[in-house]
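J.: Here's the letter readout for the chains.
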Amino acid sequence: MTTVAPPTDVTRAPRTAARNRRRTGRFAPYVYLAPAMTLFTLFLALPIAYAVYLSLRATKVSGLGLGAGAKTEVWAGFDNYARALSDPDFIASVVRVGLYGLLLVPTMLGLALVFALLLDARRTGAKSFSRVSIFLPYAVPAVIASLLWGFLYLPRVSPFYYVFDLIGWDAPQILSSQLVIFAIANIGLWGGVGFNMIVIYTALKAIPSELYEAARLDGASELQVAWRVKVPIVTPSLILTFLFSMIATLQVFAEPMTLRPLTNTISTTWSPLMKVYRDAFVRDDIYSAAATSVIIALATFVLSFGFLRLVQRRAFSQENS
Amino acid sequence: MRLHTGLKVAAALAATTLLMTACSSGSDSPGTDDTAAGPVDLVFWTWAPGMDEIAAVWNESHPDIQVTVNKQDGGDAAVTKLLTAIKAGSGAPDIMQAEYQKIPTLVSSDALADLSGELSEDTASHFSDGMWEAVTLGSDAVYGVPQDSGPMELYYRADIFEQYGLAVPTTWEEYAQVAEQLHTADPTKYLGTFSAQDAGWFTGLAQQAGASWWGIDGEAWTVDIDADPTQKVAAYWGDLVEKGVIDNKPMYTPEWGAALNDGTQVAWVSAIWGPGVLEGNAPDTAGLWKMAPMPQWESGDEATGNWGGSATSVTTQSEHPAEAAQFIEWMNSSQEGVNLLVEKGSVYPADIPGQAEALAEPPAFFSNQPDFYTIAAQIAQTVQPFQYGPNVNVAYSAYNDEFGKAAEAKSASLFTDAVTAMQTATVEDLKNSGFTVKE
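Note that the protein sequences, when read in sequence, are chains P and Y. All the letters of the first sequence, read from the start, carry residue numbers 1 to 321 under the numbering used here. All the letters of the second sequence, read from the start, carry residue numbers 1 to 439 under the numbering used here.
FYI, nobody ran anything at the bench for these hints, they're computed from the structure. From the three backbone atoms N, C-alpha and C, an ideal C-beta is built for every residue, glycine too. There could be a bad hint or two in this list.
What the hints assert, rightly or not - Pairs of lysine to aspartate or glutamate residues, derived as DMTMM-like cross-links and limited to a Cα-Cα distance of at most 20 Å, are as follows:
1. 431(Y) to 89(P)
2. 87(Y) to 87(P)
3. 431(Y) to 79(P)
4. 71(P) to 60(Y)
5. 71(P) to 336(Y)
6. 60(P) to 79(P)
7. 438(Y) to 173(Y)
8. 189(Y) to 165(P)
9. 60(P) to 302(Y)
Stated by the list, open to error - Simulated restraints, written as ranges between beta carbons of each label pair:
10. 49(Y) to 73(P): 36 to 42 Å
11. 164(P) to 286(Y): 49 to 55 Å
12. 356(Y) to 143(P): 41 to 47 Å
13. 188(Y) to 139(P): 35 to 41 Å
14. 171(Y) to 171(P): 17 to 23 Å
One chain only, chain P, in its complex shape (with noise of 0.2 Å):
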């Protein structure tokens, strides 16, 4: 560029060209955010905010609520929080969300892991086939899926109570007050299994083999790799796979919700969502849905952070090294 440049212009050039640069890098970042920072704001931030409002708000009616001018907004403080705080109903279904998750995320997690070292394994034949076979149930929606096996649990339709009949054996009635957890549960895990089986065995496949030769060296079985040399350095994924599975278990809804006009065992406000929706939508009652949203989210956001916290430094730790 000195080469080029006139003489003359040599002293002064390369200061309006600094100060440009600097110019253009102090704005820059900006210009790059932006759009982002735009939908963040609009479409999350702002609507957060706004709950966040509305969840301090009620209705206030006067008289028999008629006509024009019937209802008024008010300021409610934390009436919302507390009450939703000392609902029975709320209280019930954080319990039975927490058992769901018991049940769900360690089968999940565990049939995802099994079956990332089984296509990982090296003498595994239809790779391809059952890679995909395992994975496409997550492409289906929740709420097909539901219908799905919705025929499936009940008796009178499903293929599988007729063949139990056929041999003669009593099926047991999973719609049942006792085991609709796991009706639901079972759901949620053909639904899962295949992402987090993906995301584990996308961790399996970027393990450099010079690893498997040294152990194999060393005189190692297929399953002493598996244990010893593959599950630690897929830690990681497990870590991650087990974080979303975690808020997906806070989140469920389209499962019981598509399958709770098929039977009497599941209540309106089966899981913490479901009572939101039922507030919001069904009593028309925003302010309260609002209330609980906001202490679900507060929920997830303590314990998603918690977890990691707790693990980060023992997981993470091969890979800062």
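Please arrange chain Y on chain P, whose structure you already have, making use of the hints.
T.: Then chain Y, alone, in the frame of chain P:
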């Protein structure tokens, strides 16, 4: 400093976008493009089938008032959507189909316009007192024109009744006996099911027994769910479920449809629109069903309840309430409109003068019962008065939860407890919302 600039940029961008959307939605609203010269365009939200064909007939003969039908997604979803539009201040249609039990809720949210000044004087005389009260809520205001009603009857499989030598029950006592007789003769068969999913069905049964769940006492609401008539109905069905002589599974499931079709469910306590549902769920049984009046609590009584039915209302956001009222009056109370309702929409019209001509033929599925609508018309006159309140949805969702538990446990005492729990939930909700409630 840096953060602040970033925020300012974001805020400015957000504000611009908001303003732009606000402007564009402003110019889209029906009010601004309306000039005195052009025809009036009305939007009609409905989920009933055939309404677009009815509107097409109207549009042809009324070039000045054009109605566009906008199909909605079932009763509850449409009401939620309408209430959201009312809160937002724009986006509501001109005309809205409103189920009777939703009218108090919609009125208390100021969503329905008072049409008392727009309708002709004799409109009220077209409808039974019960129907008219449902759209006036007992006041001088008129919040819609009744469209269809759902007087309840008993549907039964005549062939299976004959096969087992069963008599058609005329009282609930007989119904219980027949249920037991049938279930003993063939343990796979049931005379009916108790559905904890269909609050409207149970409400109709309670209505027949003389219940009226809400009431207005001066300037206060009363709630009367936990009273003798409803308790009597709950105890009766709880007893049948506990004995196991009727089923405890919900209606409207694939399983229920299969049971209707293969003769496992032998009778159905339902409403006048039942033939359509039977046709859809049990196509193999055409011509095998018959309809009879509901069993009575006292022998010789003539009472029934109502399940379903709706009015057509004009919303408070409509810029043309007069024209909208003209259309709904034509659709629901002129002979041409009522004929179309039956022919295109397969509804049982609420309009009394128009019924005879429109309902000359029995429903196709009941071609074996030529006097179907003659019987139905007699039954329709015995619908008992019933008042809905401003939080029917709360009572109904409490019904789902409480009766769901009771039906699953097959316990008669839980059935009566469920009625008490519905009362508690309904009263608590009214009080929480600030309504004056008299206990």
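J.: Of the hints stated earlier, which fail here?
T.: 2, 4, 5, 7, 9, 11, 14
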